[in-house]
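Required output: the full structure, derived from the provided sequences and hints.
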Amino acid sequence: MADACCVPQEAPREVPQETQHDAQRVWQVRELRLAAVAAVLLAAGWIVGGPAGTGLELASAVTGAATFAPGALRAVLKGRVGVGTLMTIAAIGAVALGQYFEAAMLGVLFSIAEGLEHYAIARTRRGLRALLDLVPPTASVLRDNGETQVSPDELAVGDRMVLRPGERAATDGVITSGRTTLDLSAITGESVPVEAGPGTTVYAGAINGGGAIEIGVTAAASNSSLARVVHLVEQAQERKGVGQRLADRIARPLVPAIMVLAVLIAGAGAIFGDPLVWLERALVVLVAASPCALAISIPLTVVAAVGAASRQGALVKGGAALEELGRIGTIALDKTGTLTRNHPRVVEVVPVRGVSREDVLTAAAALEARSEHPLAKAILAAAPGRQAAEDVTALPGHGLVSAAGTRLGKPGWIDPGVLADDVVRLQSAGATVVLVEDGALLGAIAVRDELRDEAVEVVDSLRSLGIEPAMLTGDNSRTATALAAKAGIAVVHAELLPEDKAALVDRMRDGHKVAMVGDGVNDAPALATADVGIAMGAMGSDVAIETADVALMGEDLRNLPQVLAHARHARRVMVQNVGLSLAIITVLIPLAAFGVLGLATVVFVHELAEVLVILNAIRAARTSRRGHVAT
0 MADACCVPQE
10 APREVPQETQ
20 HDAQRVWQVR
30 ELRLAAVAAV
40 LLAAGWIVGG
50 PAGTGLELAS
60 AVTGAATFAP
70 GALRAVLKGR
80 VGVGTLMTIA
90 AIGAVALGQY
100 FEAAMLGVLF
110 SIAEGLEHYA
120 IARTRRGLRA
130 LLDLVPPTAS
140 VLRDNGETQV
150 SPDELAVGDR
160 MVLRPGERAA
170 TDGVITSGRT
180 TLDLSAITGE
190 SVPVEAGPGT
200 TVYAGAINGG
210 GAIEIGVTAA
220 ASNSSLARVV
230 HLVEQAQERK
240 GVGQRLADRI
250 ARPLVPAIMV
260 LAVLIAGAGA
270 IFGDPLVWLE
280 RALVVLVAAS
290 PCALAISIPL
300 TVVAAVGAAS
310 RQGALVKGGA
320 ALEELGRIGT
330 IALDKTGTLT
340 RNHPRVVEVV
350 PVRGVSREDV
360 LTAAAALEAR
370 SEHPLAKAIL
380 AAAPGRQAAE
390 DVTALPGHGL
400 VSAAGTRLGK
410 PGWIDPGVLA
420 DDVVRLQSAG
430 ATVVLVEDGA
440 LLGAIAVRDE
450 LRDEAVEVVD
460 SLRSLGIEPA
470 MLTGDNSRTA
480 TALAAKAGIA
490 VVHAELLPED
500 KAALVDRMRD
510 GHKVAMVGDG
520 VNDAPALATA
530 DVGIAMGAMG
540 SDVAIETADV
550 ALMGEDLRNL
560 PQVLAHARHA
570 RRVMVQNVGL
580 SLAIITVLIP
590 LAAFGVLGLA
600 TVVFVHELAE
610 VLVILNAIRA
620 ARTSRRGHVA
630 T
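For what it's worth, numbering that gives the first Met the number 0 labels the leading residue of the sequence shown as 0, then goes sequentially.
Hint data in this document are derived by calculation from the structure and do not stem from the laboratory. As the structure is a computational prediction, the values presented were derived from the model and not from experiment. Please note that a few of the clues may not be correct.
In silico DSBU-like cross-links for lysine-lysine, where the CA-CA straight-line distance does not exceed 30 angstroms [claimed, not checked]:
1) Lys485 x Lys512
2) Lys512 x Lys376
3) Lys409 x Lys485
Here are the computed distance ranges between Cβ atoms for each label pair [unchecked claim]:
4) Asp358 x Ala211: 42 to 50 angstroms
5) Asp358 x Pro164: 43 to 51 angstroms
6) Gly266 x Pro50: 30 to 38 angstroms
7) Asp414 x Asp390: 20 to 28 angstroms
8) Thr53 x Leu76: 27 to 35 angstroms
9) Ser463 x Ala256: 42 to 50 angstroms
10) Glu357 x Thr392: 37 to 45 angstroms
11) Leu72 x Pro274: 22 to 30 angstroms
12) Trp26 x Pro197: 48 to 56 angstroms
13) Leu141 x Arg356: 52 to 60 angstroms
14) Ala527 x Ile91: 33 to 41 angstroms
15) Ile270 x Trp45: 22 to 30 angstroms
16) Asp358 x Leu141: 22 to 30 angstroms
17) Pro383 x Glu449: 20 to 28 angstroms
By construction, the Cβ of each residue, glycine as well, lies at the ideal position given by its N, Cα and C atoms.
Written as structure tokens, this is what we have:
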């Protein structure tokens with residue numbers, strides 16, 4: 000731990016293997032056990048006194064130093080110096096000067112600080128890995144010889160898995176028979192069970208709350224959505240944010256500068272005063288200026304906050320995204336699938352004279368047959384038994400055209416002609432209208448995707464956080480304005496192509512950090528342009544998870560203000576930790592250099608500060624639901 004802030008490469012800080020996996024309790028952490036032994040030896044030495052007491056104090060110093068001195072020496076042999084190097088020099092110097100009690104105190108307190116850091120990191124990572132405990136130890140599978148129990152690792156794509164009431168899904172799949180309700184609260188943060196039936200996707204860890212169902216396995220357990228999320232979050236915890244890089248930039252040159260300062264103090268003292276007195280002060284300065292609290296202040300906060308966010312249904316991809324998210328002042332919201340339910344349906348079909356309703360739907364469905372756009376699903380649901388058109392080309396922001404010349408698209412790209420009044424009427428009612436043309440206009444199809452029930456609440460929560468929402472959509476102005484008014488959004492930008500959204504996000508900054516919330520596919524340019532890209536409903540979407548900085552794993556939009564509030568809280572913790580760390584160093588250095596504070600006092604104050612930083616960093620994991628964060 001101690002030298003991590005000063006290594007030349009960007010290596011992640013590693014927790015010892017036994018600490019990460021075995022230290023379920025504080026007393027199981029190796030550093031804390033050694034610190035306890037050293038403390039007992041120190042207390043015994045102080046009570047006994049005399050030569051025997053001195054021996055016990057020396058033994059205490061050696062025991063405490065065993066947690067950091069070997070690692071520091073190995074680092075020096077590799078050309079690296081760090082906090083552990085400073086502490087090792089100070090401990091050796093104190094022993095050489097006969098200050099056994101001070102050397103032992105340094106070892107005890109520094110070991111406690113190291114152990115608490117390791118325990119805190121291990122605890123937050125165990126909380127994340129606990130997601131994997133949502134996968135049951137066995138799964139029921141229907142095979143040739145009937146129903147059998149197998150390990151989740153033995154499940155293969157195509158297996159039929161049986162899930163009874165109260166059981167958890169061992170991997171991802173699609174319901175093939177039966178109807179039920181699924182509890183997804185532990186995975187996506189959504190507290191209300193969802194209705195599920197044939198064709199519904201089931202994610203690993205989901206709890207069956209109703210009748211028995213059969214599920215067709217679509218992913219091996221090792222590649223389930225839950226396993227991917229845990230893997231991505233663990234990777235994200237190692238990414239460095241701006242504050243973490245700032246701490247690194249301060250700590251890296253600070254360590255050699257401290258060593259140079261200590262040499263200058265000792266050298267000047269040897270010339271102008273008592274060499275032993277100034278050598279002792281130089282050793283005290285080494286301890287006083289050691290930046291270990293600064294070095295751990297941001298990484299530990301990031302680990303705690305990112306892990307906590309993942310358990311609340313939000314995948315935050317590292318410290319950089321976390322910090323930027325905590326500074327958001329404006330948020331751009333896509334309409335379809337973000338503010339709306341993403342379950343559009345055809346509400347009206349208006350054919351031109353001489354054309355039937357079925358003809359309009361059949362022509363439209365032939366073009367949409369292979370499209371994954373939400374509007375396509377609504378049209379296909381309204382026109383069963385369609386036949387796919389050949390060589391269909393998608394023109395982003397406009398529509399679809401087949402090799403035969405049939406077109407489907409937005410008014411403006413296709414002339415509404417005699418249906419112009421109907422188009423205005425439908426759009427004013429909040430519907431999205433597409434026109435179908437096959438040489439001549441065939442008709443108009445109105446599709447409406449209703450506003451999410453929680454949309455108004457979310458907009459109010461965003462404003463309470465001081466974040467102004469805006470709607471960005473490729474839909475027409477009338478439809479967009481009608482939906483925005485229902486949600487309480489005043490700023491609406493409509494009829495935008497994907498590249499228009501990206502350009503608009505760039506212009507929206509105006510001194511504020513901007514976040515873009517979309518589906519991670521059509522909104523990819525805007526997600527990449529924004530300071531923070533946020534994907535909705537990313538539990539089963541590789542594209543959304545990979546393109547966005549933050550992915551909301553569930554479909555509940557209330558997770559958005561919640562993760563924004565959580566990020567702001569985490570950023571406040573980061574700033575507090577950096578400020579406290581620098582303040583301690585600034586105050587202790589002159590007091591140590593001029594002999595106001597001795598080694599024991601400086602060690603105590605310095606390590607107490609590190610403990611405070613660790614405890615404060617753990618606060619970054621404290622969350623509460625629906626846009627409020629515990630303080």
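Evaluation of the provided hints:
A C-alpha spacing of about 26 angstroms is found between Lys485 and Lys512, which places the hinted pair at or below 30 angstroms, so the restraint holds. A distance of roughly 35 angstroms separates the Cα atoms of Lys512 and Lys376; the hinted pair therefore is violated under the 30 angstroms criterion. For the given pair, Lys409 sits about 23 angstroms from Lys485 by alpha-carbon distance, which is consistent with the 30 angstroms threshold. Checking the proposed 42 to 50 angstroms range against Asp358 and Ala211 shows it holds: the Cβ atoms sit about 44 angstroms from each other.
Evaluation of the 43 to 51 angstroms hint for Asp358 and Pro164 yields a pass: the beta carbon distance comes to about 47 angstroms. For the pair Gly266 and Pro50, the supplied restraint of 30 to 38 angstroms holds, since their beta-carbon distance comes to about 34 angstroms. At roughly 24 angstroms, the beta carbons of Asp414 and Asp390 sit within the given window of 20 to 28 angstroms. In this structure the supplied range 27 to 35 angstroms holds for Thr53 paired with Leu76, their Cβ-Cβ distance being about 31 angstroms.
In this structure the hint that Ser463 and Ala256 lie 42 to 50 angstroms apart at CB holds, the actual value being about 45 angstroms. The hint said 37 to 45 angstroms for the Cβ distance between Glu357 and Thr392, and at roughly 25 angstroms that hint is violated. Between Leu72 and Pro274, the C-beta spacing of about 26 angstroms keeps the proposed range 22 to 30 angstroms intact. A hinted range of 48 to 56 angstroms holds for the C-beta pair Trp26 and Pro197, which are about 52 angstroms apart.
Taking 52 to 60 angstroms as the suggested C-beta distance range, the pair Leu141 and Arg356 does not conform, at roughly 43 angstroms. A hinted range of 33 to 41 angstroms for the beta carbons of Ala527 and Ile91 is inconsistent with their spacing of about 52 angstroms. Range check, Ile270 to Trp45: about 36 angstroms between beta-carbon atoms, so the 22 to 30 angstroms window is missed. In this structure the supplied range 22 to 30 angstroms is violated for Asp358 paired with Leu141, their Cβ-Cβ distance being about 44 angstroms.
For Pro383 and Glu449, the hinted distance range of 20 to 28 angstroms is satisfied, since their beta carbons lie about 22 angstroms from each other.
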